Amino acid sequence: LNELRWRGPDRLADATLWYRDRRRPEGHRVIHGNEILDLGRRYFTTAGGRLPYYKIQRIELAAETLFDRERMSG
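Under my numbering, residues 1 to 74 are what the sequence shown spells out, in order.
You may find that some hints are simply not true.
Label pairs and their computed distance ranges (CB to CB) [what the hints assert, rightly or not]:
hint	residue 1	residue 2	range
1	N34	K55	17 to 25 Å
2	P25	E3	26 to 34 Å
3	R69	D14	16 to 24 Å
None of these hints come from the bench; they were simulated from the model.
Keep in mind the model is a prediction, meaning the values are calculated, not measured.
Glycine is no exception: its CB is placed at the ideal position from the N, C-alpha and C atoms.
Can you build the whole structure from these sequences, using the hints too?
And the structure:
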């Protein structure tokens, strides 16, 4: 996420994150980059609260997958 923030204007704002969420029936929720208010050392912050990075499942930018935890693990 930091790379998106610093490598170009609006790259973080244009990103889409799939975030693991046990409370949702589909098991995840989608967070748009423009909802991210702050990037910390272990957490990122949205209007809804602080969320740990380890729950990010996938990051996409302009239909390109930049990070996919499932693909990395096997």
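Of the numbered hints stated earlier in the document, which are not met by this structure? none
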